[in-house]
Each structure stands twice: as structure tokens, then as C-alpha cells.
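Here the protein sequences line up with chains S and F, keeping their order. All residue numbers for the first sequence refer to my numbering, where the first residue is 1 and numbers rise by one. All residue numbers for the second sequence refer to my numbering, where the first residue is 579 and numbers rise by one.
It is possible that some hints are incorrect.
30 Å max Cα-Cα, derived DSBU-like pairs, lysine-lysine [as the list claims (entries may be wrong)]: (1) F:Lys-976 - F:Lys-994; (2) S:Lys-494 - S:Lys-536; (3) F:Lys-1072 - F:Lys-1062; (4) F:Lys-976 - F:Lys-1013; (5) F:Lys-1132 - F:Lys-1114; (6) S:Lys-326 - S:Lys-344; (7) S:Lys-146 - F:Lys-716; (8) S:Lys-435 - F:Lys-1062; (9) F:Lys-660 - S:Lys-97; (10) S:Lys-494 - F:Lys-754; (11) F:Lys-660 - F:Lys-994; (12) S:Lys-554 - S:Lys-186; (13) F:Lys-1062 - F:Lys-976; (14) F:Lys-1098 - F:Lys-724; (15) F:Lys-675 - S:Lys-97; (16) F:Lys-1072 - F:Lys-1013; (17) F:Lys-1013 - S:Lys-484; (18) S:Lys-82 - F:Lys-817; (19) F:Lys-724 - S:Lys-82; (20) F:Lys-922 - F:Lys-660; (21) S:Lys-176 - S:Lys-435; (22) S:Lys-97 - F:Lys-716; (23) F:Lys-660 - F:Lys-675; (24) F:Lys-1132 - F:Lys-754; (25) S:Lys-363 - S:Lys-326; (26) S:Lys-398 - S:Lys-186; (27) S:Lys-494 - S:Lys-484; (28) F:Lys-675 - S:Lys-146; (29) S:Lys-176 - S:Lys-186; (30) F:Lys-1114 - F:Lys-1072; (31) S:Lys-416 - S:Lys-176; (32) S:Lys-546 - S:Lys-186; (33) S:Lys-146 - F:Lys-660; (34) S:Lys-97 - F:Lys-724; (35) F:Lys-817 - F:Lys-716; (36) F:Lys-994 - F:Lys-754; (37) S:Lys-186 - S:Lys-416; (38) S:Lys-82 - F:Lys-1132; (39) S:Lys-176 - F:Lys-1072; (40) F:Lys-1098 - F:Lys-1124.
What the hints contain is simulated information worked out from the structure, not anything from laboratory work.
Protein chains: 2
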Amino acid sequence: MRYTQMFIPTVREVPSDAVIASHILMIRAGMIRQLAAGAYTYLPLGYRVLQKAERIVREEMNAAGAIELHMPVVIPIEAFRKTGRDEAYGELMFRIKDRNGTMLALGPTHEEVITQIVADHVNSYRQLPLNLYQIQTKFRDEERPKSGVLRTREFLMKDAYSFHTSLESLEETYQKMYAAYENMFKRCGLPVVSVEAESGPIGGSASHEFMVLTDVGEDSVVSCGSCSYAANIERAARKVSEVSPGDKADGPELREVHTPGMTTIAQVSEFLKVRPDQMIKTLVYRSGEHVIVGLVRGDHDINESKLARAAGVETVELADEGTIRKLTGAEVGFAGPVKLSAEKMIVDIDVWAIADGVTGANKTDYHLVGVVPGRDFAVDADRVADIRNVAQGDQCPKCSGELAFERAIEVGHVFKLGTKYSTAIGAEFTDAEGKSHSMIMGCYGIGINRILAAAIEVNHDESGIIWPISIAPYEVIILPLSAKDEQVAGLAEKLHDELEAAGVDVLLDDRDARPGVKFKDADLIGIPVRVTIGPKGLANNVVEVKLRNEAEAKNVPVDQAGQYIRQLVEDLHRQLGE
Amino acid sequence: MRYTQMFIPTVREVPSDAVIASHILMIRAGMIRQLAAGAYTYLPLGYRVLQKAERIVREEMNAAGAIELHMPVVIPIEAFRKTGRDEAYGELMFRIKDRNGTMLALGPTHEEVITQIVADHVNSYRQLPLNLYQIQTKFRDEERPKSGVLRTREFLMKDAYSFHTSLESLEETYQKMYAAYENMFKRCGLPVVSVEAESGPIGGSASHEFMVLTDVGEDSVVSCGSCSYAANIERAARKVSEVSPGDKADGPELREVHTPGMTTIAQVSEFLKVRPDQMIKTLVYRSGEHVIVGLVRGDHDINESKLARAAGVETVELADEGTIRKLTGAEVGFAGPVKLSAEKMIVDIDVWAIADGVTGANKTDYHLVGVVPGRDFAVDADRVADIRNVAQGDQCPKCSGELAFERAIEVGHVFKLGTKYSTAIGAEFTDAEGKSHSMIMGCYGIGINRILAAAIEVNHDESGIIWPISIAPYEVIILPLSAKDEQVAGLAEKLHDELEAAGVDVLLDDRDARPGVKFKDADLIGIPVRVTIGPKGLANNVVEVKLRNEAEAKNVPVDQAGQYIRQLVEDLHRQLGE
Chain S
1 MRYTQMFIPT VREVPSDAVI ASHILMIRAG MIRQLAAGAY TYLPLGYRVL QKAERIVREE
61 MNAAGAIELH MPVVIPIEAF RKTGRDEAYG ELMFRIKDRN GTMLALGPTH EEVITQIVAD
121 HVNSYRQLPL NLYQIQTKFR DEERPKSGVL RTREFLMKDA YSFHTSLESL EETYQKMYAA
181 YENMFKRCGL PVVSVEAESG PIGGSASHEF MVLTDVGEDS VVSCGSCSYA ANIERAARKV
241 SEVSPGDKAD GPELREVHTP GMTTIAQVSE FLKVRPDQMI KTLVYRSGEH VIVGLVRGDH
301 DINESKLARA AGVETVELAD EGTIRKLTGA EVGFAGPVKL SAEKMIVDID VWAIADGVTG
361 ANKTDYHLVG VVPGRDFAVD ADRVADIRNV AQGDQCPKCS GELAFERAIE VGHVFKLGTK
421 YSTAIGAEFT DAEGKSHSMI MGCYGIGINR ILAAAIEVNH DESGIIWPIS IAPYEVIILP
481 LSAKDEQVAG LAEKLHDELE AAGVDVLLDD RDARPGVKFK DADLIGIPVR VTIGPKGLAN
541 NVVEVKLRNE AEAKNVPVDQ AGQYIRQLVE DLHRQLGE
Chain F
579 MRYTQMFIPT VREVPSDAVI ASHILMIRAG MIRQLAAGAY TYLPLGYRVL QKAERIVREE
639 MNAAGAIELH MPVVIPIEAF RKTGRDEAYG ELMFRIKDRN GTMLALGPTH EEVITQIVAD
699 HVNSYRQLPL NLYQIQTKFR DEERPKSGVL RTREFLMKDA YSFHTSLESL EETYQKMYAA
759 YENMFKRCGL PVVSVEAESG PIGGSASHEF MVLTDVGEDS VVSCGSCSYA ANIERAARKV
819 SEVSPGDKAD GPELREVHTP GMTTIAQVSE FLKVRPDQMI KTLVYRSGEH VIVGLVRGDH
879 DINESKLARA AGVETVELAD EGTIRKLTGA EVGFAGPVKL SAEKMIVDID VWAIADGVTG
939 ANKTDYHLVG VVPGRDFAVD ADRVADIRNV AQGDQCPKCS GELAFERAIE VGHVFKLGTK
999 YSTAIGAEFT DAEGKSHSMI MGCYGIGINR ILAAAIEVNH DESGIIWPIS IAPYEVIILP
1059 LSAKDEQVAG LAEKLHDELE AAGVDVLLDD RDARPGVKFK DADLIGIPVR VTIGPKGLAN
1119 NVVEVKLRNE AEAKNVPVDQ AGQYIRQLVE DLHRQLGE
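Input sequences plus hints: build the corresponding full structure.
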């Protein structure tokens, strides 16, 4: 391909909301353009990368025995009502009313649709297992789309759904998918770690996320320095030590203090000169019609999944201000457990251990000091639980080693769904004895766009992107340093045609531009192999070959250049396990 | 691929709304399933066909120098307001409100988005021409989705947009696209004719549709038996003869007659014993706030494009009942031109020639007989025009030959857009003299799903589909007649592996099923080459090779089978120009 015949609008200016490298570089390299919040056009260069990543995912899925199909984007909302996901997705699901007034959803995932198809056509254990997948645009009305293509409202997803007669069969396919994911990410040049994860609105009994570690990731990965334990922050457990609360009778005096306008832990802590770990944070949640209160230490973050589990409900969401005011009789920021008539109050273990605490007084502009849990508010023993995120200093739940924390981008997620969907929808099979059972399911997602962003985050420098060759928009870029020098231009053309004929993805920068411009753009768009052809080299009968991720160039005799580059491209692919 | 590892749910029963062959056969062959009105899941077999058609389209677009990119499905509604298409599309465009209350459209096409991108990044004549395309799911809220995948609310479309500095450059790309389309359709085994067409809500100065002739098509193609003239029914013109209206003074007597409940041409014609060609059909339209009345002969169909052109407006749509009642003072079915105070009344030339007509009396349950145009209602000379569809017996506008009529499926549509979008959006280029001009545009669409339906309509028999090899889900199907005969099963496996290794798409029917079941399914799903392996043939050291579209089978020695089949597959591709 000739540069002048492609459409590669590189730019210097990027919008101010672009702060992470992948976002900035994809815009600068002319790969994406934002059309609306969380909706990006993939320009030709970007789309080539997306298609390459898609092809790798497809090849590995096919190799793992999964079968591709394609479901509609538009799904009648009733499908989600059967499984309760209409409500579970809430505002995250785009809803649309058609001209006849029928409510439709833009599919966020397709568990309901695929389960219905399988229910309609599979009824015997002989037809199982089955692993069906699609690669398709998904829609989620994210509250805060951000970070370029990392969190968007429209994205390309590979979603697979497997159906089984037994947990053993599910485990087998789960492991196959796990291995396929490792292959895909390796081929895409992405170092991934897999961690235990929460299932969220998808549901199910167990799940793992595939994470690319990078400081700009939205997710937190917790791992043990001593053993193989790793989980995301929502899921991570810790070793919980025995807690013996202080002498309840002989504690400090409970007093009300005036804290005008102090609504945050930081404000109150500074104002009253108390450490955050002495404070009791009181958070009000709803679960459907129910109000649930969680107490954690001021220096800790509450973990909603753990809270929901401890409260025995499926999900919780932060209560609105009205609910909080009604419950506490005070403005938001002054809630506390003392004399609070909450339906359900879950107390974090570390709160239980506080001997002299500070918390809101349920009275606007007032806090309480000298608070003793169990003395000043009732603590129900079976409502004391681990409901906070793990934190620096916590111990591994498996081996008591120290837990470490890293940021990461989630690129894949696999779930053991169990029978949640098959039971709701009636996907049953008959076993060899003629008895009916609900099918056991798994599901397996990959965000294809995120592969691109993650690949850039872990492979770039100050000059631009450094693509792994497997997903590079072109494998080789040829830079003739003078468009007017016939010998230079002629050799560049000849080498381009030779490589293209040999199946190499090659871009010839045939622009009538200064060498500096060509070098800069080549570095920015990140083509792995750069071939420079200039009059000086030609005088010595050589061209210069340089890898994007190496500093040193190599002079290669003109008559060996084609063969040398083809071998180099092959080697680079092999390094990625291709 | 082994049949038992694919998911091919063939069925006998089809829903009663499936009446055309492609719809019935795609369901029976386990290729599609309806999820909602106009939204289909492509099951694995169907998706393979769709992907093959998509690949052919992509290859030909790339070969023609078009560059692929990918725009979002979700488009802010403002983009369409700039060009007036928000209104032009009307209810056909799906609209969605996001969580922040922003109105978004699900893209029916992407002229506005691509034009903005080009406006942002192209400003010199040196950067043009440019032809950008995408293959993407489009959405239209069709009033009556029908005919399986032929008219759906969600479909896969290839849409290309070209940008030029001159009409000559547009013409060049238009011809390139035209040629690319001919290649694509030939490769897909589709005999197409191209016809002049109306541009509809896309707009522009000229357009052509690519049509596959078949009785079940929704479109009508008009062509001349003597010259190359061909157009769709909306566009088709005719040779209009000079009309001399009868003597206005000496005509019949105008009388009112009672026609209780007679609202259709057929009813009135029978009741009053007059021929439909004596009747004046009075149709009421709206164009924005304006009311436009069109008069055509009772045996003719009004042509809305011609009516709009004659009335000097962009589009017209049939008025609602309220408007008609208000205008005529009567129930719908009794409108007529006599004493009608219409804002604009366009009279078809053939109505002008009526000497003794019948029409509605603008009074419920009454008609007028003895109507003479020009005497009983004013006919403005510059409001007499050709506003009807051409009909049997009309003459070619080019050569006066007789026009013929055929039904067809539209599979592609190319448009010369001119500057409609570039002017509205501000896509300008500077010429060599430094002067600014609006870019001249073309656009080029293909409905990929329709390729499948059209291919089936022209290639099937009572047993099932007969796929052209280029888009067949598999090129070869191997039927071992006995799964238990080790020699048969072993050879089938060996041949399967050999062909698969050679890059042939081969399906091995390894089901433990009766030969009759296997033969039936192979015919139904329409694999072009069938290889039957049975104990009897093996005794003679032969396998049977049969083409789906031929009656005779051929015995091929076992040791030559692989080579023979590979050659056959190659030959079949070559016949399609591949």
C-alpha cells in the first residue's frame, strides 16, 4: 500500500481529555476519532489493527472448538425480564422504543438470546457440550465513558457461551477457553495475569479476569508475593485475624461535637485531630426495597460485593440523598450507627475492633466521639463480616503472605455461570436415563478494542506506538528519503512490490515530504520494521533496516534486502508464538 | 469440520409468514432464526455464508482502491439535522435517548459522519480523490419487515463514500465501483442487471440499482426490448405522446350518482359498469405543511417521485385520513377534482385526455359521472405532467420500443451525490489556484444479507438450496453411508483430513444416521460437491462424486478422489470468475 493512497490523518493536537498514552497516540497516529461520548470511528489504520486482533481471537476460538454465529444487536426487552437482568443492568442498558411502541434493548451481552436458541434446538445429552461464540458490537450506556477506546458505549466484543451436562464438562471447556485466551494475548503481545473476579450482573459461581498490568488501568489487581493467589480488588479476600473488642463497659465517654460543614473523613479527621482509622464510615445502600447500612473504618473502602454477600442479597447500590436523609434525619455526611434504626446493619470486622471511635451523629453538622461499638450501638454477631476492600498490609487468605497491589486493564473475563440462565429460560437436556436437567453454562468475553489500547500502553515510547507485529497495521514501512531521486524511488517501489507479492503487509511512504516528517510519522504509527532507502546508502549499495523497538539500525545489501526483511518479519511473528 | 461438532439445527416446520424460498430454506437449513420482527440470528451455517459474501465484497472494494474504516452505529441526532435527513428519514430511523437525555440515532447510513471526518482532515485537491468504505450493521425501523433477511430492521451493509474535485473524477470512481459491483455479484453467482433509480432520502443527481431478477422480488424493473434502457419502476420514464383533449364544450352531462360504500376503483367500476381507464383517481399527499393532489387514471399507479418533481417539492407522503376528510368534506374514497380547492393539483397527461370520466364527488357515498377535465375542473397547463408509473404497453423513452416488466431484488445501489452533503457540512478543498470549492461526492451501498437471499432465490430446487461455491458454507460434503463400517468411516476421515489440509472447506457428516437423512440434509443445506462413500462403492474401489446442481453422479477411484475433488472445486470457482 502506498501512503498517498491510504488515509492516515496524523495530528499534533489532541483533546484535553486524552491523558493516557493509548488514547493520545491513537488520536495522534490517525487511528481513531471521537464522534460522540464513548463512540469512536476507527480510521483505516486503526481499523486494520482492530481487524488483526479480531482475526487472532477468531482463529484461537475456532482452534479451541468454538463455533461462530451472529446474534442481533436489537433484543426485545422481555428476554431480559425472564432473567431479571433488565433490572440488574439498569441504566447501563440502552433502551429503544420502535415505531410500534415495542421496547428493545441494544444487547450488552447475549446470554438470554443464545440460551433460548439452544433451548429450542438441543434436548439430548448427546448434543452437548456446545460452545458458541460471536464477535459483535455491544452497547452499554456508561455513566462516564473515558480513556479513549478503553471505556466506550459501543465496542467490539467476542462473547462465547458454552452448554454442558456436567460440571466436569464445564471445567474442561473453561480450561480450553483459558488456554485459548492465553494464546490470543500472547500472540497480541500482551503480558496478562489472570485473577479471581466477581461475576457482577452476568452472575454465576466463579469467574476469572485476564488483566494487563499498567499504571493507567482502571482495575486493581491484588496478588500475593509468596503464593499464586491473585484477584481483582472487588473479589480479593484477606486473612482475617481474630478480633477481640475492647472492654465495652470501661470505655471513653460518648460525646457530641460540633463539626460544621465537615462531611468527609479527611475534613473530620483533620478538624478533630483523630486518625482516619479511628473513624467509623457509615454507608447507606439499597437493594431493591431494602435499606442496608455498612460500617467500615475511615481509612478503608467498602466492598459492595462483600457487603451484598454479608447482607444476603444479590446486589446493592448506593442510596440516593433522599433515602439517606430520611434514614438519618440529617444531611448527607453525618450518618452514624448510634441510635440508627436500620433494617440491616453490617459491621466490618475492623470496625468491631475500634475502642474509641468517631462517627456521624445523625444530626447535621455534628459528629460523635468516644464511640464504642457494642456499647453505643448494638452489634449483631452474625452481622460482623469482612466487607471492605483489601488494603496495603493485609495478608494473603491462602498463605498469609503480604498482598501487593497493581493497576491493570481488564481484557478478558470468563465465567462459570451454572444454571442461572438455563433454569430461567428452560434450557434442559435429557440424560441417558431419560431424566431432564438444566444445562450447565459458561461464558467467555473479550473486549477487542481494549486489546489495542492495552498493547499501546505496554508498548510505546515518547515518539509513538511500538506495535507487536501480529497486530501492527503494517508489518514493514519503506521510507524512500528522496521522492525525486529516481534510483531511490525505483528501488523503494521494487522492494514494496516484492514484499507485497510475498504476502508481507507493507506501507510505502511515497509522499513528497522531508525525511524528518517521514521518520516522525513512521515512529508515531509504530510499524515494527522500518526500511530506509537513501542516496547515500545506495552509493554503498545498502538499505537501512531498523526495528521500531531497537535503537540500532542495520545496513543490508540491496540484493538481499527482500529476503532479509521477509525473514525478519517471520522471526518477529515467531517470537509471539505465531 | 465434523457435522457432530457443528451446530446445524435443520427443521421441517417453518413459520407461516415464510412464503418465499430463501426465507423458508434459510430457516429449514438451520441458517437463521428470527429473534424479533426484522432481526435474525445467523446460525453457524448461515454466518459462514454471510462471512464469505462479506469477504468477496471486501476483496473487490480493496482491489478497486477503496479504503476500509469503521464508524460508530450510534450517531448524535444533530449530525442528521444539518442535512435535513432527521426529517427525511422520519420514522425509519431508530432514535434513542441516552442516560443524559442526548438524542442519538442508530445509523441508517453514514454520509454525515464520513463527510465530517473528511472535512476535518482533507483540505487540498492534492488529497483527493478518496473512497472510504465500511462493512457494518445498519438499522432501519421498517414499517413491515418481511421476506426473511430481505427486509429487516438490522442488516449488514457495505457503504462507501467517495470525495472528488470534479465531476470527471466522480465519474471515474463511479465506473470503478460499477465494475467492482459487477465482479462481486458475478463471484457470488448472482446474475444482475443495473437500472436507473431514484435517489430517495440519500439524495443526489443520479443513481443506479443492481437488481437480481426473480418473481419474488419487491422491486419492479422496467426494461426496453429494443435498446439498453432499464430503470426501476420509481424511476422509469416513457415516451409521452401529444395529447389533444376532447371538445370541452360539447361533452357529456355532469351528474352525481349514488355509490354507497364504493370506495375503490374496482368497486365503482363494477357498480357503474365503466372501465377503470375512464376513472380519475384522486390522491391526496402532504409535503411538509403543503397539501398536494395528484390525479391519475383508474388503471394507473401514481409515481410519488414524479409527483414530487412535478410539484417542485423534495418528497411527498400520503396524507392521513383527517387531512383528506378536511380537504374533501367526505369520507376517504370519495375524493374528486371537481370543486376541490386544492393548493396544488397535478394532473397526469392521460387524465387530461379523458373525454367522459368518473370520479369521486367529495361527498360520502357519491361519485360524479360525465366528468370532463378542463370543463368541470380547471387544468393548469403547467400542472399537466407524467406522474404515473409506466405500465404494460408504454413505450421506451429512448427508442420507442416496447417496455417490459420484471420483478427483482435490489442488492446494490450507487449514487452520484454531488455536493448535497459537502455543502451542508462544509467539506471543502482548495484548488491549484487557492480557491475553495465543495467536494463532489458519490456513495455506494450493498446489502450483504440480500446477497444470500437473492442467491437462494435464483439457485434452489424442491430439495433445498444450491449454493454457488464461492459463498457455500462448505464447498464439499462427505457422506459416509455407514458410520459403523470401519473401512467407510476410515476413508471418509482420511479424505476429510486431506481436503481440509489442502484448504478445501469440507464438512464430514459423521452422524450415526440413516443414508436417507444424510442425503436429505446435504441437499437441503446445498453444499455444491457431495462425496458419497459406501460399502458397495468401496467394493469396487470407488467413491461417488456428485454436483448439487447436476443429476448425474460420477464414480471416482478411491486413490484419485482427493485430487479429483480439489480440481473440481477449483473449476467451480473459476466458473464464477474467481
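Hints and how they fare:
Taking the CA atoms of Lys-976 of chain F and Lys-994 of chain F, the gap is near 22 Å; set against the 30 Å cutoff, the hint holds. For the proposed pair Lys-494 of chain S and Lys-536 of chain S, the alpha carbon gap of about 18 Å is at most 30 Å, so the pair holds. A distance of roughly 16 Å separates the Cα atoms of Lys-1072 of chain F and Lys-1062 of chain F; the hinted pair therefore holds under the 30 Å criterion. For the proposed pair Lys-976 of chain F and Lys-1013 of chain F, the alpha carbon gap of about 40 Å is over 30 Å, so the pair is violated.
At roughly 14 Å between alpha-carbon atoms, Lys-1132 of chain F and Lys-1114 of chain F fall within 30 Å of each other, so this suggested pair holds. Straight-line distance between C-alpha atoms of Lys-326 of chain S and Lys-344 of chain S comes to about 15 Å, which keeps the hinted pair within the 30 Å bound. Distance check on the hinted pair: Lys-146 of chain S and Lys-716 of chain F sit about 25 Å apart at the alpha-carbon level, within 30 Å; holds. Of the supplied pair hints, the one linking Lys-435 of chain S and Lys-1062 of chain F holds, its CA atoms being roughly 28 Å apart against a limit of 30 Å.
Under the criterion of a C-alpha separation no larger than 30 Å, the hint pairing Lys-660 of chain F with Lys-97 of chain S is consistent with the structure, at around 24 Å. For the hint linking Lys-494 of chain S to Lys-754 of chain F, the alpha-carbon distance of about 26 Å falls within 30 Å, and the restraint holds. Distance restraint check for Lys-660 of chain F and Lys-994 of chain F: the Cα-Cα separation of roughly 20 Å lies within the 30 Å cut-off, and the hinted pair is therefore satisfied. Taken as a hint, the Lys-554 of chain S and Lys-186 of chain S pair is honoured in the structure, with Cα atoms around 28 Å apart against an allowance of 30 Å.
Between Lys-1062 of chain F and Lys-976 of chain F the alpha-carbon distance is near 68 Å, which puts this suggested pair outside the 30 Å criterion. Restraint check for Lys-1098 of chain F and Lys-724 of chain F: satisfied, since their Cα atoms lie roughly 27 Å apart, inside the 30 Å limit. Straight-line distance between C-alpha atoms of Lys-675 of chain F and Lys-97 of chain S comes to about 10 Å, which keeps the hinted pair within the 30 Å bound. Annotation: proposed proximity of Lys-1072 of chain F to Lys-1013 of chain F is violated, straight-line Cα distance about 69 Å (limit 30 Å).
Between the alpha carbons of Lys-1013 of chain F and Lys-484 of chain S the distance comes to roughly 28 Å, so the proposed pair stays at or under 30 Å and holds. Simply put, Lys-82 of chain S and Lys-817 of chain F have alpha-carbon atoms about 61 Å apart, too far for the 30 Å limit, and the pair is violated. Of the pairs offered as hints, the one joining Lys-724 of chain F and Lys-82 of chain S holds, with about 27 Å between alpha carbons and a cut-off of 30 Å not exceeded. The straight-line distance between the Cα atoms of Lys-922 of chain F and Lys-660 of chain F is roughly 29 Å, inside the 30 Å bound, and the hint therefore holds.
Of the pairs offered as hints, the one joining Lys-176 of chain S and Lys-435 of chain S holds, with about 28 Å between alpha carbons and a cut-off of 30 Å not exceeded. Distance hint between Lys-97 of chain S and Lys-716 of chain F is fulfilled; the C-alpha atoms sit about 17 Å from each other, no more than 30 Å. For the proposed pair Lys-660 of chain F and Lys-675 of chain F, the alpha carbon gap of about 19 Å is at most 30 Å, so the pair holds. Between the alpha carbons of Lys-1132 of chain F and Lys-754 of chain F the distance comes to roughly 42 Å, so the proposed pair goes past 30 Å and is violated.
Proximity of Lys-363 of chain S to Lys-326 of chain S is assessed by CA-CA distance (about 12 Å); at most 30 Å being required, the pair is judged to hold. The suggested pairing of Lys-398 of chain S with Lys-186 of chain S holds, with an alpha-carbon distance near 28 Å, which does not exceed 30 Å. Under the criterion of a C-alpha separation no larger than 30 Å, the hint pairing Lys-494 of chain S with Lys-484 of chain S is consistent with the structure, at around 16 Å. At roughly 19 Å between alpha-carbon atoms, Lys-675 of chain F and Lys-146 of chain S fall within 30 Å of each other, so this suggested pair holds.
A distance of roughly 15 Å separates the Cα atoms of Lys-176 of chain S and Lys-186 of chain S; the hinted pair therefore holds under the 30 Å criterion. Of the pairs offered as hints, the one joining Lys-1114 of chain F and Lys-1072 of chain F holds, with about 18 Å between alpha carbons and a cut-off of 30 Å not exceeded. The suggested pairing of Lys-416 of chain S with Lys-176 of chain S holds, with an alpha-carbon distance near 13 Å, which does not exceed 30 Å. For the hint pairing Lys-546 of chain S with Lys-186 of chain S, the CA-to-CA distance comes to about 23 Å; that is within 30 Å, so the pair holds.
With a CA separation close to 27 Å, the supplied pair Lys-146 of chain S and Lys-660 of chain F stays within the 30 Å bound. Our distance criterion of 30 Å between C-alpha atoms is met by Lys-97 of chain S and Lys-724 of chain F, whose separation comes to about 19 Å. At roughly 39 Å between alpha-carbon atoms, Lys-817 of chain F and Lys-716 of chain F are farther apart than 30 Å, so this suggested pair is violated. A hinted pair counts as satisfied when its Cα atoms are at most 30 Å apart, and Lys-994 of chain F with Lys-754 of chain F qualifies at roughly 13 Å.
Proposed proximity of Lys-186 of chain S and Lys-416 of chain S is supported: the alpha carbons are some 23 Å apart, at most 30 Å. About 54 Å separates the Cα atoms of Lys-82 of chain S and Lys-1132 of chain F, which puts this hinted pair outside 30 Å; it is violated. The suggested pairing of Lys-176 of chain S with Lys-1072 of chain F holds, with an alpha-carbon distance near 26 Å, which does not exceed 30 Å. Our distance criterion of 30 Å between C-alpha atoms is met by Lys-1098 of chain F and Lys-1124 of chain F, whose separation comes to about 14 Å.
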